[in-house]
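Throw the hints in and build the complete structure from the sequences for me.
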Amino acid sequence: MKFMGYVRSNGKVGSRNHVAVIPSVICANDVAQAVVGQVQGTVGFFHHQGCCQLPPDLERVTDTLIGLGCSSNVGAALIVSLGCEGTDHERLLETIAKTGKPVEIIRIQELGGASRAIQAGIDAAQKMVLKVSGIQREPVNISNVTMSIKCGASDTTSGMASNCVVGYLADKMVDLGCTVVFGETTEFIGAEHILAKRAVSPEVGEKIYKIVNRMELRAKSLGCDMRKGQPTPGNIAGGLSSIEEKSLGAIVKSGTRPIQGVMEYSEMVTTQKGLWIKDTPGREPEILTGMACTGAQFMVFSTGRGAPQGFPSMPVIKVCGNPNTFNLMNHDMDLNAGLIIKGEKTIEQVGEEAFQKVINVLNGEMTKNEAIRYFNSIDIYTMGPVI
Amino acid sequence: MEINMNLKLALKVHDLDNVATIFANDVVAGDEVEMHDKKGHSQIIDVLGEVPYGHKIALQDILVDEKIIKYGEEIGVATKDIKKGDYVHVHNLDSTRGRGDLKGEVVL
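Residue numbers (our numbering), protein chains in the order written: chain A, -6 to 380; chain B, 869 to 976.
Here are the simulated BS3-like cross-link-like pairs (lysine-lysine), alpha carbons at most 25 Å apart as the crow flies:
id, chain 1, residue 1, chain 2, residue 2
1, A, 338, B, 906
2, A, 266, A, -5
3, A, 338, B, 907
4, B, 906, A, 165
5, B, 906, A, 335
6, B, 906, B, 951
7, B, 906, A, 190
8, A, 266, A, 190
9, B, 907, B, 935
10, A, 200, A, 213
11, A, 165, A, 338
12, A, 91, A, 124
13, A, 338, B, 876
14, A, 91, A, 266
15, A, 335, B, 876
16, A, 361, A, 350
17, A, 361, A, 338
18, B, 876, B, 906
19, B, 935, B, 952
20, A, 213, B, 935
21, A, 350, A, 338
22, B, 907, A, 335
23, A, 190, B, 935
24, A, -5, A, 361
25, A, 203, A, 266
26, B, 876, B, 951
27, B, 907, B, 952
28, B, 935, B, 951
Derived from the structure by calculation, the hints contain no laboratory data.
Written out as structure tokens, the structure is:
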């Protein structure tokens, strides 16, 4: 099975060919935004981190931005630095450069302020766009693909229809030799024993318990009732009564194949194959960033109540389990798994439609969120306080 | 599975489940729903209260502190006695996980 992808000089294959504009710190967002607004073919990663954080978080922010810049969906990268931030922008520059793709950095303080940095940024980004826009797609084996998975704005149809479709797809992609990554550790709570049983080794099983315990302790550390946060008010209105119920429905989307291991939030896929967990929270901006950082060429996103957002460099295919939502939010939903609830289609039928959609999107067909550029809410998942 | 869409439908996911999810709008007390399971069995349940689309009803009487089961697994415990046909949600089902508010809660 093949698709038409952008083959990079390091052998990685992209489904998109963006020039990424990467602010190394929140203070550089406005300059980066101005560049992205002016230069066609660019996308920006406007996050809120990068300074006044403890060392493990600063390292994580640097690593995550490296992962985003190294992603094969990015053909070239422009780093926008303020100049005095905590992020290691030199390491960011050097590591992205090692992929062989064009990468440059502009420093706002050195250039004499925002307006001059914007001008320099536009000039640099324009050059990069002209360079990468000529790259042609080539036929490549689908085993080069990393698929990422997420469910959001869930209701009870998610666990009974759309997540089942995503699970079917996950199994199929694993069987084709791909890498599949799922996360949302918060939503393993109450279902971790089922995942641990699917681990390839006792060590991987223990790691699953460990990340769930870590997440549960973070919730408990505030000494309050987690139920105000999970399930979300929207989940509750959609019929989900407890985190356990949400989790049991959520893990369905990982399919049935063995779990090979657990990746940390800012880890990239290098040689990993098969089904993997990435330790992430459930909230969209942070998990989507973590999954794009993995190097995933696309995401399959299951929803019941209707989540419209995507990610700048990673197409996000929306599979909707609720037939009412699919009709109501037709401009945001890519696939209707609600027909399963209505008894009009089987999981396998919608699963095969989803697979065809995946191939189309890998080949360049836009997802609904891409077409309307609904992808600017991104952020990096940090562990400690802003100080 | 053949489903008559004129019926008010509820789905039971797993044999062990003591709740089913209703996929019909405007279900009120006195309505009947047809509960289907994955094996194609069906059963008529008298609904005792108003239940929104996608929410659950009890398939049997569940006593306070008893486990509520969906997907064949525990999704919480009953905080009140629940009758067959009752609406089951956050008013009578409580999570036992991830909470800092429970006294004596075991931290692993």
